[in-house]
Every structure is written in C-alpha cells, then in structure tokens.
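Letter by letter, the chains look like this.
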Amino acid sequence: MSEAAYLPQNDAVSYAAFVKAEKRRRALQYATRLPALEKASDLLESVLNPWQEMTNTERYWFIAIGSNEGQYFLGESSGDNPILLRLNDRPVDYEIGQQQDVYPVGQYCFHAEHDGWPLDDQLATLKLWLDSDEEKFLWYANFTRDLHPCWRIAVPYEVHLTRSLAKAAREVNAVLDDKRTRTLAERIKANQYWAKCLIDYRRAPRI
Amino acid sequence: MGELKIMGRVEGDKTLKWNPDKPKQVERAKKAFDEAIAAGGKAFKVTVEETLKKGKEIKKFNPALERIIVTTPMAGG
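Chains B and G, in that order, are what the protein sequence lines are.
Residues in the first sequence are numbered from 54 upward in steps of one, following this note's numbering.
Residues in the second sequence are numbered from 161 upward in steps of one, following this note's numbering.
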C-alpha cells in the first residue's frame, strides 16, 4: 500500500501531484547533470591505478595509499557523499608473521565545500590529496571513531572478497626498487593471501 | 603537449591543452589556472611512474608539466 492511501483524499491528490512533480524534477536534474557525471567518472579513472580502477569498476570502491603509507577505503556513502575510512595501520605483523584481519578504525569527514559536486570528482580529489600530502590531509579532515556497524562488517568482507589486488601485485613488481613501492607490493601480496585464505575457508566442508 | 583539467560542478571538467613552444596557448592555460586557484581550487600534477599514477600538489603553473588537474574546493566536516 502506498503512502498516499493513508492520507485524506485531498491531501492524497496533492501528494500524488507532488510526487509526480518531484520525479520530473529529479529526472530533469539527472539529465542536466549527466555530462558532468560522465566526465567526472572519466577523470577519476584517469587518476586511479590499475588495481584501484578494477575495484572501482566492479565494486564502486578503492583503496588509496597515502604518502605516509596510511591505508584508506574510499567509496560512496549516500547520494553524492564520499565515504572515507581509515584501515588498520599494521594489517600484517611481519615480526611474528601472523596474519591479522583488515578492518576500518574510523571515518574521516572530508568532502566538497559546496553541494552538487559529482561523487567521482570528490573521490579523485581525495585520492590526489592522499598521494600528495597525507599529513596535510589528516590536519584538515575531521576524524571520528564512531563508525556505523555496517562499515565494520562490510569493509573487511569486501576487501577480502575481491581478488583484484592480485593483479596489482604483478603490475607493481616492475618498480620494486623504490622502497615505498616495495612496501606497497608486500601489502598487496598480503591482501592476496587473505583473499585466498578466505576463499579456501569458504570452500572447506563444514563439519 | 600539456593538458590542464579544471573540475566543474555543473558542466563537468574543462580541458585546456597547450604546446610549450606556443606562448599564446601557454598564456591562456596559465590564466585559466590562476582563475581556478583564486576560486578556491587545489592544483595537482599527475605523474606516471611505470604503472603508478601519483598526484603532487603544485602552487604555480608550470608549462613544462604534462598533466595538471585543478580539483574542487574541499572542507572537513
């Protein structure tokens, strides 16, 4: 039963007219914004690395590595707002050799100053900020540990589920001389390992 | 050949290309760059090292750069 059924008749008529007008307004707004949205999508693709592009195309999120090697999960929150989560700093304890789970430790609030900017433009901007000067970014962005439970569950699941980081590991092997890249490659390898573990775990018969 | 992309909210990003040997084109790109920065945008040069694409903030227009992106003004919530 629609919401209009609960309203008095006169209100129901005006409500229906309002819904119709609102639908038309949104369709028109979308049609007007479509070229901007498409351009923003192309621009985002042009700044993403191959493994980021892959997860962004398939799952609408990507992981950015900051200039100080912090790991961030970037995606869509609601509408045109980006979600920016900080992932745990030391996903692999190299000293003990223990694999640890990847999980978000908090959320940053950092978005376009004015409403109406395409989401992909904002994501591209965030990626470039993190590439350029992570410290400055952390200074500007507002951090909170109050994270909605859905992100706590969804992020590790999504990160584990994708195998696209494996492709990235192969591609960055060419630039292993650089210290930062080597660290990145190690992390990607670890991600690949987790993905494999998870898939093997799911395949294993339940006793 | 250099390329400048200025993000736009309504009509999408605006692209300007220039040849470093042609002063008129360089001047046009520099003017657009300065206007975008004055409006609150932040400029990044995008470099590709092997397969890694990286952004680095720049304050001034440099015609020798291959790719510059002027991004939307951002704010912490």
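FYI, nobody ran anything at the bench for these hints, they're computed from the structure.
Quick reminder that beta carbons are idealized off the backbone N, C-alpha and C, glycines included.
Any given hint might turn out to be false.
As the list claims (entries may be wrong) - Covered by chain B, per the in silico footprint, the following chain G stretches (three or more residues, Cβ under 8 Å): (1) 167 to 180; (2) 188 to 198; (3) 201 to 209; (4) 212 to 223.
Now the hints, each set against the structure:
Look at the stretch 167 to 180 of chain G against chain B: 7 of its residues bring a Cβ nearer than 8 Å to a Cβ of that chain, three or more, so the hint holds. By the rule of at least three residues with a Cβ nearer than 8 Å to a Cβ of chain B, the coverage given for the stretch 188 to 198 of chain G is violated, with 0 such residues. With a cut-off of 8 Å between beta carbons, the stretch 201 to 209 of chain G has 4 residues touching chain B; three or more are needed, and the interface restraint holds. For a cut-off of 8 Å, the count of residues in the stretch 212 to 223 of chain G with a CB near a CB of chain B stands at 6, and the three-residue condition holds.
Hint violations for this structure: number 2 only, all remaining hints satisfied.
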